[in-house]
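Enquirer: Here is how the chains run, residue by residue.
2 protein chains.
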Amino acid sequence: MNGRVRGSLVIVGGHEEKEKDAERSILEEIAARSRRRKGNLVVVTVASQLPEEMAADYRAVFRDLGVRDLDVVDIRSRDDACDDVTVEKIRNASVVFFTGGDQLRITSQVGDSPTFQCLNEIYRRGATIAGTSAGAAAMSETMLIAGAGDQSTEISALGMAPGLGFISGVVVDSHFAERGRFGRLLGAVAQNPKNIGLGIDEDTAIVVEQDDRFRVLGSGAVYVVDGTGVSYSSLSERRAEGVLSIFDVKVHVLGDGDSYDLTHRRPVLTDERVEAAS
Amino acid sequence: MNGRVRGSLVIVGGHEEKEKDAERSILEEIAARSRRRKGNLVVVTVASQLPEEMAADYRAVFRDLGVRDLDVVDIRSRDDACDDVTVEKIRNASVVFFTGGDQLRITSQVGDSPTFQCLNEIYRRGATIAGTSAGAAAMSETMLIAGAGDQSTEISALGMAPGLGFISGVVVDSHFAERGRFGRLLGAVAQNPKNIGLGIDEDTAIVVEQDDRFRVLGSGAVYVVDGTGVSYSSLSERRAEGVLSIFDVKVHVLGDGDSYDLTHRRPVLTDERVEAAS
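Chains as they are written, first to last, in my numbering: chain S, -13 to 264; chain G, -13 to 264.
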């Protein structure tokens, strides 16, 4: 396999609409993936400080969306992540959904554990891994963990950490337009332009398939920040503070229905768009 | 004259540091321009709801910076803008400084008045026109007046209005990183990519000279959004609502000391930068 994605990923920018009849519902996309396949939809609350409330909320929403085989994995420690019962629940999953909270909780508790090995195994066999907010940030090999979006001077000093690694070559940021995070995503891309920056708005998701393309779903936008063509960057350890000067960054904004080819780093016009433009 | 700028402009992103000993002080740059030339530094408070407080503040700051020939123009109506005394004050100015407030107040009260004609006259003769926040937005031929930065769906529906027109081919937004305004500046550029989007952070300014270059000054960054190479834009009157899809926007981030060539749409590396990079 030469793609960077092995199963399917649904990466959500946070605050996805939970009303049953919402148009273009992201949770309906996730529910449908579970209904179509044998196995459970497993909600993993490890990121959250309020795992029980979070589990109850998603249980109710996914039930309403017709998901009958539903399970919750409540990991609060490395021990939980090594527990056979937990691993067995993941093994029986067709779709795993990571809730929001704190992405470092996800990686520090689950990273390299038997639960993680099992997640990787089902993912390789074609399961869908989904995550919202912190659960979205944790998907990539390198994840953003801190950094103020509203101060250009802090762009050079943002925090990165190793993520779960279900997708490589990208850095994901959530709540994107809502929290004005363009600057910090730019900073993440500046650290190493091999990573494409993906800034996902609230109630918006990307669905990544094995062909290394993703499709946008939901009411907001996805901002793609591509540093391949950068002609100058002032970033260096010596200049960790102060404003980052960076020239020739490429940006695309995609809405519901738009696609992007991660291999060739190109937005893909759908037939509908081509028609509307002509 | 083939340039788009006739005198000099100092366009400030708001909240400029007012301490006398601030490093890289923007107000010191403005004060120095006034000290170097015959004529007054005239503070114009038309944008503000609190013109008297605003005038008192800037009087104190500029006095501290050694400006002796200081005057204030307090325009509250079209009548004020047509008043001979007001016009005479402008005629005697070497530097005019527009305070923050509401940019539509500036253009609706001053636009096309004898005060405006006189501003244009001294500007053509080489005076410096400076403005902060609303005073910055009003500088260009087309100015941004409204639009939420934090909702991608409102990008297509932002408000533009005719500005004072001291500089053409650009749209200026202030408080840029601080208020997460990348989306709305992108929307402004999308309306007509002939305009380069200039997003100026707080305590940051661009100094535009007759050679059609600007230099960045201050503690934050200036974001340049260039739509020349846009390969697809979904913007149309029919699609005024919803997410704007736009592909292949170029972005540069510039810090203190960096320059940009508006004619050739290129950042200019200073010798210092070239040295540091080699």
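In case anyone wonders, no lab produced these hints; they're calculated from the structure. One thing to keep in mind: the hints can contain errors.
Derived contacts from chain G toward chain S, CB cut-off under 8 Å, selection only [as the list claims (entries may be wrong)]:
no., residue
1, -7
2, 56
3, 73
4, 74
5, 104
6, 138
7, 139
8, 165
9, 228
10, 236
11, 241
12, 247
13, 253
14, 255
Every residue, glycine too, gets a C-beta built ideally from N, C-alpha and C.
Enquirer: Each hint should be assessed against the structure and marked as holding or not.
Expert: Consistency of the hints with the structure:
1. Because the closest C-beta pair between residue -7 of chain G and chain S is about 27 Å apart, greater than 8 Å, the hint is violated.
2. At a threshold of 8 Å, the smallest CB-CB gap from residue 56 of chain G to chain S is about 32 Å, leaving the interface hint violated.
3. Restraint check, residue 73 of chain G versus chain S: the minimum CB separation of about 39 Å is more than 8 Å; hint violated.
4. Hint status for residue 74 of chain G: violated, given a least beta-carbon distance of 41 Å to chain S, over 8 Å.
5. Checking residue 104 of chain G against chain S by beta carbon gives a least distance of about 36 Å; that is not within 8 Å, so the hint is violated.
6. A hinted interface residue such as residue 138 of chain G counts as satisfied when its beta carbon comes closer than 8 Å to some beta carbon of chain S; here the least separation is about 4 Å, so the hint holds.
7. Given hint, residue 139 of chain G at the interface with chain S, holds; its Cβ is 7 Å from that chain's nearest Cβ, closer than 8 Å.
8. The beta carbon of residue 165 of chain G is positioned within 8 Å of a beta carbon in chain S (closest approach about 7 Å), and the interface hint is therefore held.
9. The restraint placing residue 228 of chain G at the interface with chain S holds, with a minimum CB-CB distance near 7 Å, inside the 8 Å limit.
10. With a cut of 8 Å, the hint placing residue 236 of chain G at the interface with chain S holds, because the nearest CB-to-CB distance is about 6 Å.
11. Taking 8 Å as the C-beta cut-off, the interface hint given for residue 241 of chain G holds, the closest approach to chain S being about 3 Å.
12. Evaluation of the residue 247 of chain G hint against chain S yields a violated restraint, the C-beta minimum of about 12 Å exceeding 8 Å.
13. Hint on residue 253 of chain G holds. Least Cβ distance to chain S is approximately 5 Å, under the 8 Å limit.
14. With a cut of 8 Å, the hint placing residue 255 of chain G at the interface with chain S holds, because the nearest CB-to-CB distance is about 6 Å.
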